[in-house]
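Asker: Dock chain C against chain W, hints included.
Number of protein chains: 2
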Amino acid sequence: MDSVFQRIDHVGIACHNLEEKIEFYESTFGLVVVSREVNEEQGVREAMLHVADGDGGASYIQLLEPLHPDTAVGKYLSKRGEGVHHIGYGVADVAKAMADIAAKGVRLIDERPRHGSMGASIAFLHPKDVGGVLTELVETPRH
Amino acid sequence: MDSVFQRIDHVGIACHNLEEKIEFYESTFGLVVVSREVNEEQGVREAMLHVADGDGGASYIQLLEPLHPDTAVGKYLSKRGEGVHHIGYGVADVAKAMADIAAKGVRLIDERPRHGSMGASIAFLHPKDVGGVLTELVETPRH
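Heads up: the sequence lines are chains W and C, in that order.
Following UniProt numbering, the numbering of the first sequence begins with 1 at its first residue and continues without gaps.
Following UniProt numbering, the numbering of the second sequence begins with 1 at its first residue and continues without gaps.
These aren't lab readings, by the way, just hints derived from the structure by calculation.
Keep in mind the model is a prediction, meaning the values are calculated, not measured.
Watch out, some of these pointers could steer you wrong.
Put simply, identical chains are the same to the list, so a pair is met inside one copy or across any two.
Heads up, simulated DSS-like pairs for lysine-lysine below, C-alpha to C-alpha not over 27 Å straight-line [stated by the list, open to error]:
hint	residue 1	residue 2
1	LYS128	LYS104
2	LYS104	LYS79
3	LYS79	LYS128
4	LYS96	LYS128
The shape of chain W in the complex, shown without the other chains (with noise of 0.2 Å):
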């Protein structure tokens, strides 16, 4: 079979201070914000940091900041504290893949695809079936 993923889209990291963590990144690493913004739905705060570009699309690191302490994020932070939340993954088309990723025995959180960073189509695997780990399907709008 071909490979579903055309990249690793973005790693998301969970944090208490987006603005603080932007400017260690920005600061230590040199990498550069390209996008925030604030998805209710998702109860989360979040910037994209650009890391490179690539034949399949661009890959970025994510920056998450809980709304509030009852969101996913905020649970998790409560949890296990600040650190890697989830891998986002690049496909060609969230339906099929979801469609095709299911066929094969992976729950998925989302049943149908929703909104994710920067006008991207979204939706996630469930970590139990992926190894403990929370992975995002990730379809770039096209220009």
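Answerer: Chain C in isolation, oriented as in the chain W frame:
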């Protein structure tokens, strides 16, 4: 400043059974193993699965199984269970990147570069200084 990072080289994922997890990533996502190694120094049996090629080099998923419970990855599994263990970023010159990053006040786990996957020279940064993320610098060998 220019970015220190050329790409997301790999995301390292800790697992209990390397062969089972390789089979899962191959059959579910269509990723392909390009390298298998035992790294006695780091106490791991590992596989690199190719995800994408990019301007700054290729990106991989690295699956890691501890050789013994009393290793860094073995202790991680005991404490946190399976999941993302670290992020490895590609750099042009690992010794220079280490010096530049240390000068910003980030502690290095490694005083000197050591042997990583597929002939790379690598060094780890202290996760406490990188927001809970175990961060690896990866210089691939020149061919």
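Asker: Now look at each hint and say whether the structure bears it out.
Answerer: Now the hints, each set against the structure:
1. In the homo-oligomer, the alpha carbons of LYS128 and LYS104 lie at most 27 Å apart inside one protomer (14 Å), although the nearest pairing across protomers, at 38 Å, exceeds that limit.
2. With identical chains, the CA atoms of LYS104 and LYS79 are never at most 27 Å apart, being 30 Å at best within one copy and 29 Å at best between copies.
3. For the identical chains of this complex, LYS79 and LYS128 are neighbours both inside a copy (17 Å) and across copies (17 Å), given an alpha-carbon limit of 27 Å.
4. Proximity of LYS96 and LYS128 under a CA criterion of 27 Å is satisfied intra-copy only: 21 Å inside one chain copy versus 39 Å between copies.
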